[in-house]
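Participant: One-letter residues, chain by chain:
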Amino acid sequence: MKHLLLICLLLFCVACEENESVDPTIMPEVTATGANTFGCLVDGWVYTSGRWGLPNAAYEERGEDSGMTVSAQVGFDSYIRFTVVAPKAGETCPYKNASFENQKLEDGQVYISRMSDGVFSGTFEGGRVSKGRFDLKYKE
Amino acid sequence: MKKYVFLLGLWMQVASVAAQEPPVRKSVLSVHAGPSWYLGKMIGITNHSDAYRNALRNGIAWDADYYFLGDTHPFDSFKLAPGLTYQGGRYANTHDESSDNIQMHYIAPQLALFMMKRNHHLSLSAGAGYQHYKDKSVVYGKTREVSMNKLACNLSAGGEYLLAPCMGVSARLNWVVTSSDSYSVRYHGQKWQVNAPELSDGGGCFSHLSLLFGMNLHF
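Each protein sequence line maps, in turn, to chains A and B. Take the first sequence: its position 24, counting from 1, is numbered 24 in this note's numbering, and each next residue is one higher. Numbers given in this note's numbering equal positions in the second sequence, counted from 1, plus 1000.
Note that these hints are calculated values from the structure, not bench results. Just so it is clear, CB atoms sit at the ideal spot from N, CA and C, and this is done for glycine as well. One thing to keep in mind: the hints can contain errors.
Computed Cβ-Cβ distance ranges for the label pairs, DEER-style [stated by the list, open to error]:
1. A:Lys96 / B:Arg1186: 53 to 61 Å
2. B:Ala1051 / A:Lys88: 28 to 36 Å
3. A:Tyr138 / B:Trp1175: 49 to 57 Å
4. A:Ala86 / B:Asn1101: 44 to 52 Å
DSSO-like cross-link-like pairs, simulated, lysine-lysine; straight-line CA separation at most 30 Å [said to hold, decoys possible]:
5. B:Lys1150 / A:Lys131
6. B:Lys1150 / B:Lys1117
7. A:Lys131 / B:Lys1134
8. A:Lys104 / B:Lys1142
Work out the full structure: start from the sequences and follow the hints.
Facilitator: The following block contains the structure:
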């Protein structure tokens, strides 16, 4: 039992590891190189990923809700997620199912700057969210 | 005849007083201000483009110094003197979405070597002390504060021209250098420690070089 508790504690510590070289108050540049960056303003405040893990993008087939779901951890226990509906490179597409810290956010618009060679990048905004940008790697 | 002897004696007294050394002034207090240049790594700033950083390197500085010269300092000689220096500096720049306002305050005991001439003095001083660093930046209209207080050291060279026995004009070249691989940032009610900041290539040495002009008071 003691060994099990120790292993759980170690796993917990590893899972919570912060990358202290990342400044969470600096918005990343708008890029399309697969840099694994994510940032936006929510109510005017900067939220970025990188310090608590890399953001990710995954395509999900769910009928009407199919699309690319972008997820980024922007705090110790805080996430921003949304699903881009029918994303296409060079086009502006809607995003929905947006959430921030378990709060539902308004739907918005995403401009997809790149969706090729395993790179999914673009800029987004909607409602409380503005100046959003992401540059992610995904499995095609 | 007695009148001429009296006048001769009086003239000799006056000449004797004029030929004497001026009274020794033990201390010198000086204040200066002038342009300053930020050299080395820029750490914790809001924008890392070359154009932004280059513009942020130009600032202003000011200082106040005190040195104790002691009782005797004959002219055409060298004098070792302890002292104290304070230097402040400010560097600021603005971008579309952000701005930085860096303020530094450095205080340190000094050891100076003075070369005393009749009408002018030259000095070389060095010391080690503490530098208080704060960047009151703004990101998308919201305040962000970076702190990076560290030990620092300085090297200074100066020259003074005496306008009167108790006062002179002076110029000074100051170089204050420090090093940091971390800073703390306060934003939106939270505080983070950033170690080996990746946007600043892990941090490193930075310094400010100032050319200052001002006045000295001897007392």
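Participant: All the hints need checking, so say for each whether the structure fits it.
Facilitator: Tested hints:
1. A:Lys96 / B:Arg1186: 53 to 61 Å: Because 35 Å falls outside the window, the suggested range is violated.
2. B:Ala1051 / A:Lys88: 28 to 36 Å: 35 Å, holds
3. A:Tyr138 / B:Trp1175: 49 to 57 Å: The hinted range 49 to 57 Å holds for Tyr138 of chain A and Trp1175 of chain B, with Cβ atoms some 51 Å apart.
4. A:Ala86 / B:Asn1101: 44 to 52 Å: With a Cβ separation near 46 Å, Ala86 of chain A and Asn1101 of chain B satisfy 44 to 52 Å, so the hint holds.
5. B:Lys1150 / A:Lys131: 35 Å, violated
6. B:Lys1150 / B:Lys1117: Violated: Lys1150 of chain B and Lys1117 of chain B sit about 37 Å apart, past 30 Å.
7. A:Lys131 / B:Lys1134: Holds: Lys131 of chain A and Lys1134 of chain B sit about 27 Å apart, inside 30 Å.
8. A:Lys104 / B:Lys1142: 24 Å, holds
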